[in-house]
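Assemble chain D onto chain U, guided by the hints.
Those protein sequence lines, which keep their order, are chains U and D.
Throughout the first sequence, residue numbering follows our numbering, covering 1 to 293 in sequence.
Throughout the second sequence, residue numbering follows our numbering, covering 1 to 334 in sequence.
Keep in mind that the hints are not guaranteed to be accurate.
No farther apart than 25 Å at their CA atoms in a straight line, the calculated lysine to aspartate or glutamate pairs in the DMTMM-like style are these [stated by the list, open to error]:
#1 U:Lys179 - D:Glu82
#2 D:Lys202 - D:Glu33
#3 D:Lys84 - U:Glu184
#4 U:Lys179 - D:Glu112
#5 U:Lys179 - D:Glu61
#6 U:Lys179 - D:Asp180
Simulated from the structure, these hints should not be mistaken for laboratory data.
Below, each chain spelled out in residue letters.
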Amino acid sequence: MTVFEISAPAAPAPRARDGLLLRLLRQPSAAVGLTLLVLIIAMAASANLVFPDDPLDMVTQPFLWPGEDAAYPLGTDMLGRDIASGIFHGARVSLLIGAVATLVSLVIGVGTGALSGYYGGRLDAVLMRVTELFQTIPPFLFALAIVAILQPSIPTITVAIGITAWPSLARLVRAEVLKLRHGELVQASIALGASDLRIIVLHILPNTLAPVIVSASILVASAILTESSLAFLGLGDPNVVSWGGMVGAGREVLRTDWYVATIPGLAIVTAVLALNLLGDGLNDALNPKEAAR
Amino acid sequence: MSDPVLAVERLNISFHTRRGVLRAVRDLSFHVERGETLAIVGESGCGKSITALSLLGLVPEPGRVEGDAVRLEGRNLLALPEAKLRRLRGARIAMIFQEPMTALNPVLTVGEQIMEAILEHEKVSRAAARDRALALLERVRIPDAKRRFSDYPHRLSGGMRQRVVIAMALALSPAVLVADEPTTALDVTIQAQILELIDELKRENGTAVVLITHDLGVVAEHSDRVLVMYAGRKVEARATADLFARPLHPYTRGLIAARPQPGGGRARLAEIPGTVPSLFAMPAGCAFAPRCAVAEPACGVAVPPLMPAEDGAVACIRAGEIHVPEPAREALRA
Chain U
1 MTVFEISAPA APAPRARDGL LLRLLRQPSA AVGLTLLVLI IAMAASANLV FPDDPLDMVT
61 QPFLWPGEDA AYPLGTDMLG RDIASGIFHG ARVSLLIGAV ATLVSLVIGV GTGALSGYYG
121 GRLDAVLMRV TELFQTIPPF LFALAIVAIL QPSIPTITVA IGITAWPSLA RLVRAEVLKL
181 RHGELVQASI ALGASDLRII VLHILPNTLA PVIVSASILV ASAILTESSL AFLGLGDPNV
241 VSWGGMVGAG REVLRTDWYV ATIPGLAIVT AVLALNLLGD GLNDALNPKE AAR
Chain D
1 MSDPVLAVER LNISFHTRRG VLRAVRDLSF HVERGETLAI VGESGCGKSI TALSLLGLVP
61 EPGRVEGDAV RLEGRNLLAL PEAKLRRLRG ARIAMIFQEP MTALNPVLTV GEQIMEAILE
121 HEKVSRAAAR DRALALLERV RIPDAKRRFS DYPHRLSGGM RQRVVIAMAL ALSPAVLVAD
181 EPTTALDVTI QAQILELIDE LKRENGTAVV LITHDLGVVA EHSDRVLVMY AGRKVEARAT
241 ADLFARPLHP YTRGLIAARP QPGGGRARLA EIPGTVPSLF AMPAGCAFAP RCAVAEPACG
301 VAVPPLMPAE DGAVACIRAG EIHVPEPARE ALRA
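Excised from the complex, chain U in its bound form (with noise of 0.2 Å):
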């Protein structure tokens, strides 16, 4: 008698999750963003090996224009400093603060998200609210005031960019819970005795996933797009060097020497661009639909 092979072939089965990289990689203008942010973290990384001077230090004459000495190939700035060592070391603090912003602005989004969304009634009314408050106010501005009133470091410009940042996450979070919420997921789960937080935790967020980390990966290109325009504005950590300080101190010798404040500008284009072609290809990649295929 023949034994119908009732379930799948024995071959070691694939995981949705595990061809997530394969599967970015495969979108060209995913693999552009991911390919130009490992450029940028490398970077960051090796910039204490490439320049080990400090960036803000005088090392030759002002003025040097790209090309001109093979020591400096992207020249100096006005002040005789090296406009290569200033990306490099640059891109450490816009990373910085663009992951350690946005991971404020997770806990802060995710859980005001989750809590409102879950629980709804007067507290949701509650949070809302405040949600809405924080909406109403630019965030630009509001970090701009922030940083003016504390002291401009790197840690108050983090949690000032934070801050700010959260209402479209907590939106976006809530949304998705309220989906499942009602669903049956959530209810075969009450049924069999779970708590609210093993709810929320285990069966609500592991869901919502997709859409936060798509998010997340446009806030941290937005968080360093703000900090580059508060050190732009002079309200800069000023003791570490920033693209945004750097294109804020090249404006000045913007007609003579318009290449002190354009190589920062680049820098900053290219890390944003790098990041949103990410989240749009995360996007498409962790479309559940995406991965069926």
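For chain D alone, coordinates are given in the frame of chain U:
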């Protein structure tokens, strides 16, 4: 006789909406014994699913559950605070739902989900929970359970998923299993397998099963007693074999007559004329009277009380008169 595992006494469920109070279930009483399957049947909107939810305290807002008692192993669930109720759910009374895909978490492996169901209620090590979860997968007859343990739900067929859901529900050997249309989303051959499995596990553990369904074929083969609901009320409750042999309530007779019969040819199926009355506009007397072929003026006056009939109960004032005559009954049996 020992006390029933589950006893529902005069249960009332109402929804307070803007259009008024909607009474979904009225004065419903029933009980289930250890190792027994009680089927609750009725058409859509008759209150059977909301009754199932109320047994676990899961009636959604703005629903209100009132009544004398829902006793689970002697404890009145209606009087228990939410925290205590939560500890009973899954442990002493569990529920399986219609759609096994949406009841499972797509980002956890099936094994992990069963483990979580155990860990929620018992302080055991993860390794011990893992062993028990694996044993449960084997018990619900999942082939190659070891490998299936680390599969995600989307890799399993509908029948397999429902087996996993059953494994989760039975993880803590509950006294009562509420199954709300457990096989509606599955195809017919798988349906039979799943119901067989529930029967088997019931026999092994002595679990009492409340089976909610609208499928009379399922009722006939997999239940010991039947409760027929119509517009929120119990209209007939009988032993399964008796109900099919001698349905007493005109509604029950209509349901049974409306079943497709093997060899019935291309004849039109019998139907019950009309539709269920809106819960906002209930007729004064018997809710079934407007659709009933044997209704008389008295039916529209007062709600017929439940009267003992044979081994069960029926709520129809004409139930005594409209017995199927003996020769016809013999013909039915043949």
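Taking the hints in turn, this is what the structure says about them:
With a C-alpha separation of about 24 Å, the suggested pairing of U:Lys179 with D:Glu82 holds against the 25 Å cut-off. This hinted pair checks out: D:Lys202 and D:Glu33 have alpha carbons roughly 12 Å apart, not beyond 25 Å. Our distance criterion of 25 Å between C-alpha atoms is met by D:Lys84 and U:Glu184, whose separation comes to about 22 Å. A hinted pair counts as satisfied when its Cα atoms are at most 25 Å apart, and U:Lys179 with D:Glu112 qualifies at roughly 23 Å.
Of the supplied pair hints, the one linking U:Lys179 and D:Glu61 holds, its CA atoms being roughly 16 Å apart against a limit of 25 Å. Straight-line distance between C-alpha atoms of U:Lys179 and D:Asp180 comes to about 22 Å, which keeps the hinted pair within the 25 Å bound.
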